[in-house]
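Colleague: Here is how the chains run, residue by residue.
2 protein chains.
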Amino acid sequence: MEKIRIGIYGYGNLGRGVQYAASQNADMEVVAVFTRRDPETVQTVLPVKVERTDKIKEYTDKIDVMILCGGSATDLPEQSKEVVKLFNTVDSFDTHPKIPAYFEKLDAAAKESGHLGAMSIGWDPGLFSLSRIYFESVAPKGSTYTFWGKGVSQGHSDAIRRVPGVKDAKQYTVPVESALERVRNGENPNLSTREKHTRLCYVVAEEGADLALIEKKIKEMPDYFADYDTEVHFISEEELKTQHSGMPHGGFVLRSSESATGNKFLTEFSLKLDSNPEFTSSVLIAYARAIYKMAKEGKTGAVTVFDIAPKYLCAMSEAEQRKSLL
Amino acid sequence: MEKIRIGIYGYGNLGRGVQYAASQNADMEVVAVFTRRDPETVQTVLPVKVERTDKIKEYTDKIDVMILCGGSATDLPEQSKEVVKLFNTVDSFDTHPKIPAYFEKLDAAAKESGHLGAMSIGWDPGLFSLSRIYFESVAPKGSTYTFWGKGVSQGHSDAIRRVPGVKDAKQYTVPVESALERVRNGENPNLSTREKHTRLCYVVAEEGADLALIEKKIKEMPDYFADYDTEVHFISEEELKTQHSGMPHGGFVLRSSESATGNKFLTEFSLKLDSNPEFTSSVLIAYARAIYKMAKEGKTGAVTVFDIAPKYLCAMSEAEQRKSLL
Numbered sequence: 021m022e023k024i025r026i027g028i029y030g031y032g033n034l035g036r037g038v039q040y041a042a043s044q045n046a047d048m049e050v051v052a053v054f055t056r057r058d059p060e061t062v063q064t065v066l067p068v069k070v071e072r073t074d075k076i077k078e079y080t081d082k083i084d085v086m087i088l089c090g091g092s093a094t095d096l097p098e099q100s101k102e103v104v105k106l107f108n109t110v111d112s113f114d115t116h117p118k119i120p121a122y123f124e125k126l127d128a129a130a131k132e133s134g135h136l137g138a139m140s141i142g143w144d145p146g147l148f149s150l151s152r153i154y155f156e157s158v159a160p161k162g163s164t165y166t167f168w169g170k171g172v173s174q175g176h177s178d179a180i181r182r183v184p185g186v187k188d189a190k191q192y193t194v195p196v197e198s199a200l201e202r203v204r205n206g207e208n209p210n211l212s213t214r215e216k217h218t219r220l221c222y223v224v225a226e227e228g229a230d231l232a233l234i235e236k237k238i239k240e241m242p243d244y245f246a247d248y249d250t251e252v253h254f255i256s257e258e259e260l261k262t263q264h265s266g267m268p269h270g271g272f273v274l275r276s277s278e279s280a281t282g283n284k285f286l287t288e289f290s291l292k293l294d295s296n297p298e299f300t301s302s303v304l305i306a307y308a309r310a311i312y313k314m315a316k317e318g319k320t321g322a323v324t325v326f327d328i329a330p331k332y333l334c335a336m337s338e339a340e341q342r343k344s345l346l
Numbered sequence: 021m022e023k024i025r026i027g028i029y030g031y032g033n034l035g036r037g038v039q040y041a042a043s044q045n046a047d048m049e050v051v052a053v054f055t056r057r058d059p060e061t062v063q064t065v066l067p068v069k070v071e072r073t074d075k076i077k078e079y080t081d082k083i084d085v086m087i088l089c090g091g092s093a094t095d096l097p098e099q100s101k102e103v104v105k106l107f108n109t110v111d112s113f114d115t116h117p118k119i120p121a122y123f124e125k126l127d128a129a130a131k132e133s134g135h136l137g138a139m140s141i142g143w144d145p146g147l148f149s150l151s152r153i154y155f156e157s158v159a160p161k162g163s164t165y166t167f168w169g170k171g172v173s174q175g176h177s178d179a180i181r182r183v184p185g186v187k188d189a190k191q192y193t194v195p196v197e198s199a200l201e202r203v204r205n206g207e208n209p210n211l212s213t214r215e216k217h218t219r220l221c222y223v224v225a226e227e228g229a230d231l232a233l234i235e236k237k238i239k240e241m242p243d244y245f246a247d248y249d250t251e252v253h254f255i256s257e258e259e260l261k262t263q264h265s266g267m268p269h270g271g272f273v274l275r276s277s278e279s280a281t282g283n284k285f286l287t288e289f290s291l292k293l294d295s296n297p298e299f300t301s302s303v304l305i306a307y308a309r310a311i312y313k314m315a316k317e318g319k320t321g322a323v324t325v326f327d328i329a330p331k332y333l334c335a336m337s338e339a340e341q342r343k344s345l346l
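Protein chains in written order, with this note's numbering: chain A, 21 to 346; chain W, 21 to 346.
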């Protein structure tokens, strides 16, 4: 069988997840990992060649799809428009307000070089976006709601760690069950930020720190916590390590709608993930397959989950898809 | 605004639903309803021209997409391959085992005439098929489960009505909650037919009928009831009319999967519908929009939900989709 040759650009949680995810797909082969670090210092989770990022030019004939595993804040905006000049790419750019500008830049660079770049792939943006577009298209009169969690927010955990007296912390975003139920009951509620999610914080304080002050500083932090009902629990370093070391996440997309005669429809998609980065990686790999097939058909430019027909994601032949999945 | 000109071929529950669904979409216009009955006898739910089906040839320049609203048993296999010679079509063919053969015939007829025919559109096949292909593609190691209900099965209701002594009946398919929970818990159970669904029957008996015999005949009916736990309730004609006149339905597609490191993922899609035919109709209308756009791009042949990128379903521009839905 001809394998799809994958390159992994950046090797953190996501890069490791992509390598694992590729190993679950018989039609995939990871050719090399590219890193800004000294390759000698990089320990991969499965055996694979490790190269410096400046070596990618030597791989243009050896890699079909390069998966960009850097962060959205600074890595991807710089990297994607450069790497797409040499390869078809897949990335997980997730800074929602910057998506239109990112698309324009990636699209121009990809079209100029005759490559295909899939952006904002994962679960939100990604599978959640798919739920939103399918639900709104098939049921135009209604309201769509997205809830996140229960899951770890890296950004909020980092914000807590910056509070003086905090040694370490983990923050969970938790959807409010009663709000979910109101949506499921067809009430079409207007929900404030506070009504949709609560924030649950597990904090390891430094010895002798003023716990009441830490709690106050967390709860009053603008943008991150002030608009939410926030719970702060102080725990030991040991407990943080044993009980809160995972990266679970998940969420819900619901649309409550009605027909022209007033009949109600509820459409709901939900995810429950033991590992957020490993699931995102698994989605990236499926879209690498799609990009590979679409590039073969001559498609170029930037694309999102909206532009990609489901058939391209699936390893089965189209006839087999119709027979066993339709 | 240029409107998409829709024709409705067949005017039962589904045809009426399509007319209502089109009225919820500003970019749609229903040009005519086609019927095998005497047009004078057909009362439409909203004002529209009614024509005999043999008049469709006069509409080839006036209709962009013809939506076929006949049944899968006998209507669609005959109609789709004829109507697609004149129009782009959308249908809800749902006889799963016959899908491959149906596809081949529709594909040949559509390609020969340069039209596009979307088949098996609705929720199962349709949105449930989409869940199956997306879930299996992004999480290749796992098991997928489809549950139906709680909802009315027309075929099972009809079967009960054929039992001697039965005046009228309504049958609900009900998913077994404990089986759903086992799947959600990641047990990956092997579920028998009996373990997945129960069958709930409301029966109006003729006066003086042997109720015990009716119940026995229902419960032992092969294919329809023998493999299930079946409950039979005898009720009055009045109660059947007031409590069981709707056509609700719904269901669940779940995939329980795991990463290469053993982390568990649960992906779940569910529907809860007050009206099964009205929701199916609403999906048909969204796919009519897709077919209209794809035909404009020159695409011909038979297609299913797997072949259609989500962007085509949505009335928004692609830039607006990325901005507000991604």
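I should point out that these hints are in silico values taken from the structure, not numbers from a laboratory.
Incorrect hints may have been included.
Same chains, same label: a pair holds when it works inside one copy or across any pair of copies.
What the hints assert, rightly or not - As a list, the in silico DSS-like pairs of lysine-lysine whose alpha-carbon atoms are at most 30 Å apart:
| id | residue 1 | residue 2 |
| --- | --- | --- |
| 1 | LYS284 | LYS161 |
| 2 | LYS313 | LYS125 |
| 3 | LYS292 | LYS170 |
| 4 | LYS316 | LYS239 |
Colleague: Look at each hint and say if it fits the structure.
Modeller: Consistency of the hints with the structure:
| no. | hint | in the structure |
| --- | --- | --- |
| 1 | LYS284 with LYS161 | within (10 Å within a copy, 35 Å between copies) |
| 2 | LYS313 with LYS125 | both (23 Å within a copy, 26 Å between copies) |
| 3 | LYS292 with LYS170 | both (8 Å within a copy, 24 Å between copies) |
| 4 | LYS316 with LYS239 | neither (52 Å within a copy, 55 Å between copies) |
Hint check: a violation occurs at hint 4 only; the rest are consistent with the structure.
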